[in-house]
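Sequences and hints are given; from them, build the entire structure.
In order, the protein sequence lines correspond to chains Y and S.
Using our numbering, the letters of the first sequence map in sequence onto residues 3 to 437.
Using our numbering, the letters of the second sequence map in sequence onto residues 66 to 359.
Among the clues, some could well be false.
Result set (DSS-like, lysine-lysine): computed pairs, CA atoms no more than 30 Å apart in a straight line [claimed, not checked]: (1) Y:K7 to S:K355; (2) Y:K48 to S:K355; (3) S:K350 to Y:K180.
By construction, these hints were calculated from the structure, which means they are not laboratory data.
Because the structure is a prediction, the values reported are computed rather than measured.
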Amino acid sequence: MEVDKKLISDLTPEIEKTSIKWYITFFIFFAFFAVGIYGLIQQIDKGHIVTGMRDNVVWGFYIVNFIFFMGLSYSGALISGVLHLFHTGWRKPIIRMAELITIISLIIGPFFIFFCIGRLDRLHFLFIHPRIQSPITWDVIAILTDLFGCFIYLYLSFIEDFAILRDYPDLKVAPWKKKLYKTLSLGFTGTDKERKILSNARIVMAAMIIAIAIIVYSVLAWIFGVTLQPGWHSTIFGPYFVIAAVFSGTGLLIILMWIFRKVYHLEEYITKRHFVNVGVLLTVIAAFYGYFTFSDYLTKWYGSIKMDSLLIDKLFTDYYSLFIFANYVGILLPCIIIAFPKFRTIPNITIAAVIAITALWVNRYIIVIPTLETPFLPIQDTRPDWITYSPTWVEWALTLAGVSVFAMLFMLVSKIAPIISISEMQEKDKNEIMK
Amino acid sequence: MKKNLMFTILLLSLLPVFSVRLFSQEITMISPYIQLQYFKNTDDQRILQTTLTYSKNRMELPIPGREISFFTGGDKKELFATVITDNKGVARIELNSEMKLNTGSDGLWVFSSEFKGNDTIEAGTSEITVKDVRLEMVLTEIDSIKTITVNAFVKENGTEKPVSGEAVKIYVPRMFSLLPISELTLDEAGTASVEFPSDLPGDSLGILTVIAKFEENQTFGNVEKQSTLQWGVPTKYSAPKFHRALWTKTAPKWMIYTLSILLTGVWGHYLFAVISLIRIRIEAKRQAAKEYRI
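Listed below in structure tokens is the structure:
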């Protein structure tokens with residue numbers, strides 16, 4: 003296959019050689035991961051007593067992280083699917099990142115469920131005694147279906163790049179890597195027929211993962227929505243979760259664009275235009291997300307059902323600062339930063355994305371925890387730590403470990419495959435030549 | 066050196082203080098609650114029951130495995146049995162004719178039970194005074210009107226006298242508890258009656274049980290008479306037919322259809338993608354063979 007040497011050298015910075023920076027960064031993340039593993043060993047040894055979860059608040063950081071990572075995954079799928087399906091011109095340098103967000107988050111997310119389950123030895127019961135009526139079963143089916151689909155979609159997008167790397171004579175990599183590229187490229191040579199087959203498969207899978215992402219994240223929302231718990235029993239939780247997921251995923255995409263641009267000097271490929279375009283997308287999504295949030299809380303507040311009122315009181319007292327940050331600062335500030343052309347610089351857009359993604363994590367926290375702290379039955383003579391939740395170091399350690407694994411997997415992928423799709427970028431060049 | 070020695074001595078002298086502070090536990094004595102009750106069932110079995118419990122965090126918890134002594138007599142107590150409390154903190158003994166139970170001239174029995182206490186639980190006693198009562202229940206049906214009549218008599222100086230002014234409760238046992246039917250007050254003849262409701266469900270033959278009770282009566286304790294007869298409405302409790310619902314074992318059909326259609330659609334597309342991959346591989350091999358031939 004024809005290759006552009008510059009493209010290969012620019013977009014595969016870590017494939018041929020590994021920099022010291024890479025090792026140091028990887029070691030730092032690995033240290034966080036190791037602390038998380040130590041925390042996990044403590045939890046397995048001593049039980050969930052080492053966490054902040056108790057009889058009432060049975061879900062804590064782990065579920066928050068699960069929802070958060072799954073949201074990132076589905077948003078990655080949505081963004082990459084939409085960008086691919088509509089042949090958005092500026093998508094090419096960033097679509098690979100969105101695809102990787104999808105698959106890596108999807109690998110990490112379910113681990114937080116495993117951490118949360120008290121009797122992990124009974125996990126297989128979900129598979130041998132499934133109840134189709136249970137949203138948990140829906141979620142298990144949905145996650146497995148999504149995982150498989152995302153792997154296929156990601157692999158389809160990698161085939162051409164593997165073929166390019168296989169055929170590039172000057173690529174100085176270990177023989178096992180060459181063999182890997184040869185195997186994974188399936189002998190793809192870039193004939194018209196092969197391209198057509200691949201293109202059709204990618205279009206079908208792009209459309210499919212958009213649909214799956216919406217359905218699967220709605221299923222996750224319904225785990226909350228179908229219960230009668232105050233704050234969760236809401237008809238708009240499905241679309242609300244989907245919008246929130248895209249909000250967080252767009253934010254993460256901007257952050258990753260900034261990191262890769264900075265670390266691998268990709269200024270030529272990831273330009274201000276990309277930041278502004280994804281930033282505008284973030285603003286639009288933020289507006290929708292804000293609308294859903296307002297609509298959800300307004301109806302609960304106005305309805306004045308006793309438990310909903312108690313919950314909203316709690317949100318505006320005990321969780322006041324978190325609530326304001328998640329639902330006002332986290333939505334309005336990114337909108338303001340990106341809406342005014344004067345503020346639209348790359349660092350500003352990245353800061354807006356960091357605020358947005360942090361606020362969304364906090365939003366997940368205030369969806370899960372305060373509801374569980376508002377039980378239907380008043381409980382007498384109970385210990386305060388059974389009613390109120392505060393995370394322990396074990397939960398913090400495993401949360402940071404999750405973030406670290408996310409970073410480490412991204413770094414490992416950059417050792418094997420291009421972080422920006424070479425084939426997509428070449429296609430762009432051809433189009434320009436044709437013009 | 067001298068200073069170090071003094072410091073060591075000081076530490077050693079303080080050691081018992083620390084050890085007392087850290088390791089000794091303040092012994093808090095449990096104050097038990099001891100309750101003695103008298104029961105006389107429909108077969109005229111007389112039972113004395115002592116319940117030994119204590120209160121912790123506003124919950125009443127049993128004290129099992131403790132010896133309870135049962136006494137008879139007021140001023141001059143006579144031990145007639147010792148029983149160990151079970152897991153529910155209950156010690157029970159059946160009174161029989163072989164036991165020498167002292168009664169006063171007024172026909173009153175005085176019983177007491179005692180827990181002697183130990184290092185952790187304080188001692189406790191409970192006493193009751195009981196008069197033996199004969200409770201009768203007569204069930205009649207005239208012109209479809211079902212009537213429950215209760216009579217109660219006590220023996221005083223060898224002769225039976227009617228009990229008046231006392232409350233007798235009428236129940237019918239249901240699945241989880243006793244359904245109160247009526248509360249009667251005995252007249253001067255020691256009699257009271259009430260019409261039985263005609264619409265109460267019984268079993269498939271209409272059979273049900275009627276219970277008349279002196280309940281926690283200060284003079285007679287807990288005394289009951291029961292009778293089983295065909296006074297209920299025959300009710301056939303047929304097991305619900307197999308149906309699909311959220312809460313049954315089998316899911317509603319629409320749910321299975323929706324899930325199947327969704328999964329078939331999704332996995333069908335996956336299959337298409339996998340077949341495409343195979344086609345790429347085949348095409349690549351064909352292309353390679355063609356190039357080789359050229």
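Verification of the hints:
1. Y:K7 to S:K355: 28 Å, holds
2. Y:K48 to S:K355: Given that 30 Å is the threshold and the Cα spacing comes to 65 Å, the pair is violated.
3. S:K350 to Y:K180: Judged against 30 Å, a Cα distance of about 19 Å means the pair holds.
Checked against the numbered hints above, the structure breaks only hint 2 and satisfies the rest.
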